[in-house]
Amino acid sequence: YRYQVEADIAPFRGVLLGLFFVTVGFEIDLGLIASNFPLVSAVVVGILAIKTLVLTVLCLVFGLSLSVSQQTGLILSQGGEFAFVAFGLARSLGILDKPTTKLLLTSVSLTMALTPAMSSLGGRIAKVLEERSDFTHYLGQDRDANEIKESEDFAVVVGYGAVGRVVCDLLDRKLIKYVGIDIDPNKAIQARNAGLPVFYGDIGRQEVAEAFNVGKAKAAIVCISDRDQANRAVIALRRWYPDLKIFSRARDKDHAYRLQSTLDVAAMVPILPEDNLLLTLPFGGAVLRALGGSPEEVNAILETKRKEVMSGKSGEESEEDMALIQLGIDPEEMRKKAVNGTAAESDREDTASAIERTKEKSSFVAEVIEYWQDAEDDDHDDDDKIEESSLSNSTSNLDAEVEMDFSEKEKEKG
1 YRYQVEADIA PFRGVLLGLF FVTVGFEIDL GLIASNFPLV SAVVVGILAI
51 KTLVLTVLCL VFGLSLSVSQ QTGLILSQGG EFAFVAFGLA RSLGILDKPT
101 TKLLLTSVSL TMALTPAMSS LGGRIAKVLE ERSDFTHYLG QDRDANEIKE
151 SEDFAVVVGY GAVGRVVCDL LDRKLIKYVG IDIDPNKAIQ ARNAGLPVFY
201 GDIGRQEVAE AFNVGKAKAA IVCISDRDQA NRAVIALRRW YPDLKIFSRA
251 RDKDHAYRLQ STLDVAAMVP ILPEDNLLLT LPFGGAVLRA LGGSPEEVNA
301 ILETKRKEVM SGKSGEESEE DMALIQLGID PEEMRKKAVN GTAAESDRED
351 TASAIERTKE KSSFVAEVIE YWQDAEDDDH DDDDKIEESS LSNSTSNLDA
401 EVEMDFSEKE KEKG
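With my numbering applied, the sequence shown corresponds to residues 1 to 414, in that order.
Simulated from the structure, these hints should not be mistaken for laboratory data. Don't take each hint at face value.
Unchecked claim - Okay, derived cross-link-like pairs now, DSSO-like style, lysine-lysine, Cα gap no bigger than 27 angstroms in a straight line:
id: 1; residue 1: Lys245; residue 2: Lys177
id: 2; residue 1: Lys218; residue 2: Lys177
id: 3; residue 1: Lys216; residue 2: Lys245
id: 4; residue 1: Lys51; residue 2: Lys187
id: 5; residue 1: Lys102; residue 2: Lys51
id: 6; residue 1: Lys305; residue 2: Lys174
id: 7; residue 1: Lys216; residue 2: Lys174
id: 8; residue 1: Lys307; residue 2: Lys174
id: 9; residue 1: Lys177; residue 2: Lys127
id: 10; residue 1: Lys177; residue 2: Lys216
id: 11; residue 1: Lys127; residue 2: Lys187
id: 12; residue 1: Lys98; residue 2: Lys177
id: 13; residue 1: Lys305; residue 2: Lys245
id: 14; residue 1: Lys245; residue 2: Lys218
id: 15; residue 1: Lys177; residue 2: Lys187
id: 16; residue 1: Lys174; residue 2: Lys127
id: 17; residue 1: Lys98; residue 2: Lys127
id: 18; residue 1: Lys174; residue 2: Lys102
id: 19; residue 1: Lys218; residue 2: Lys305
id: 20; residue 1: Lys127; residue 2: Lys216
id: 21; residue 1: Lys51; residue 2: Lys98
id: 22; residue 1: Lys218; residue 2: Lys253
Said to hold, decoys possible - Using C-beta positions, here's what the derived DEER-type ranges look like:
id: 23; residue 1: Leu39; residue 2: Asp184; range: 31 to 39 angstroms
id: 24; residue 1: Val54; residue 2: Asp8; range: 33 to 41 angstroms
id: 25; residue 1: Gly14; residue 2: Lys98; range: 31 to 39 angstroms
id: 26; residue 1: Thr262; residue 2: Leu16; range: 55 to 63 angstroms
id: 27; residue 1: Val54; residue 2: Lys253; range: 27 to 35 angstroms
id: 28; residue 1: Lys127; residue 2: Arg227; range: 30 to 38 angstroms
id: 29; residue 1: Lys127; residue 2: Gln4; range: 39 to 47 angstroms
id: 30; residue 1: Pro242; residue 2: Glu308; range: 34 to 42 angstroms
id: 31; residue 1: Leu114; residue 2: Asp184; range: 14 to 22 angstroms
id: 32; residue 1: Gly123; residue 2: Asp254; range: 40 to 48 angstroms
id: 33; residue 1: Ser225; residue 2: Pro38; range: 57 to 65 angstroms
id: 34; residue 1: Gly123; residue 2: Glu308; range: 32 to 40 angstroms
id: 35; residue 1: Leu19; residue 2: Gly123; range: 28 to 36 angstroms
id: 36; residue 1: Ser294; residue 2: Leu93; range: 28 to 36 angstroms
For clarity, every value in this text was computed on a predicted model and none was experimentally measured. All C-beta atoms in this analysis are idealised placements derived from N, C-alpha and C, irrespective of residue type, glycine included.
The task is simple: from the sequences and hints, build the whole structure.
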């Protein structure tokens, strides 16, 4: 009921948010600002400065970089809405007099009004700090990269193009740590300047792969569009790390078949135009499922991303169907074999054998297919439960109607 509930409460949420900000605006006393401008300015600057300093230091203590720490401090430097409750209570208890309370409420309201400006300032300062970093910042040799590489719960994304960007975004939404590697220095520099863990390097060189601890990664996702470069990366990774889970983007069905049958790689072929971001959703969804995400959580993340891409419109095929199509499996044929009378027995056997042949190509491909089949079975089970519930309710309603009619007839006879 998540989406229906969100739709039902959305109008009230907007009204309540508007009411809150209107009340905040009422607390700003323009006359007080004009008559005590130096004092009001000092209080506002003091609140912003103290909160920024404290939050920046805390972020640094917890291991964040200076650029991220100062940006976090500036974004969260405004006063909170709890100040209105606290100052109002203090005034009612006689702790603060009315003029002092009015001064504090006006100052807090002004800090909240300055939040967009502080956020913009933090972003600009972060960009300057990132650009002034030495080149080790882009080679994966700084503290951010070392923190990720020293953990044993991260993924490696090779290639930061159209597909790689959306895969990284999905990993962020699932809160999965990742390291992005791209051979194009311009892409790496742009991503690092934006605060993303994407670094410059050639994954085809063993010293680079070892420097990023690829062997400890939960999975490697090769998002390179060029066939030869993708083959080079996949072959190198499989040779150095035989047990590593590898996803790869393929150019066509023949390319996917060769990768699946010879290198034990879950290779998927985009079925939509290159400039459409929706092509990456099944690919990214398969990655999230293989990294331990539940079907419900993965589908919710993909649906949210799809809504962003399509401005609220979703595609006709489900993510499970699109993922299976890109793996070379026809989901419609899979459904036919489970429905009596909709297909010949020979057709069902051919479809089942085709699925088994696909699974035999690669144990990892079989694992990915089973992820989506399990998710589809869960969806069908939910549908069956809904139908049973609806039938039960309908039967109960019918029994109640019959009983009422019988009671009315008995009364008439009486």
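*Going through the earlier hints one by one, which of them does the structure break, listed in rising order?*
Hints 4, 12, 17, 18, 20, 23, 27, 31, 34, 36 are the ones this structure does not satisfy, whereas the remaining hints hold.
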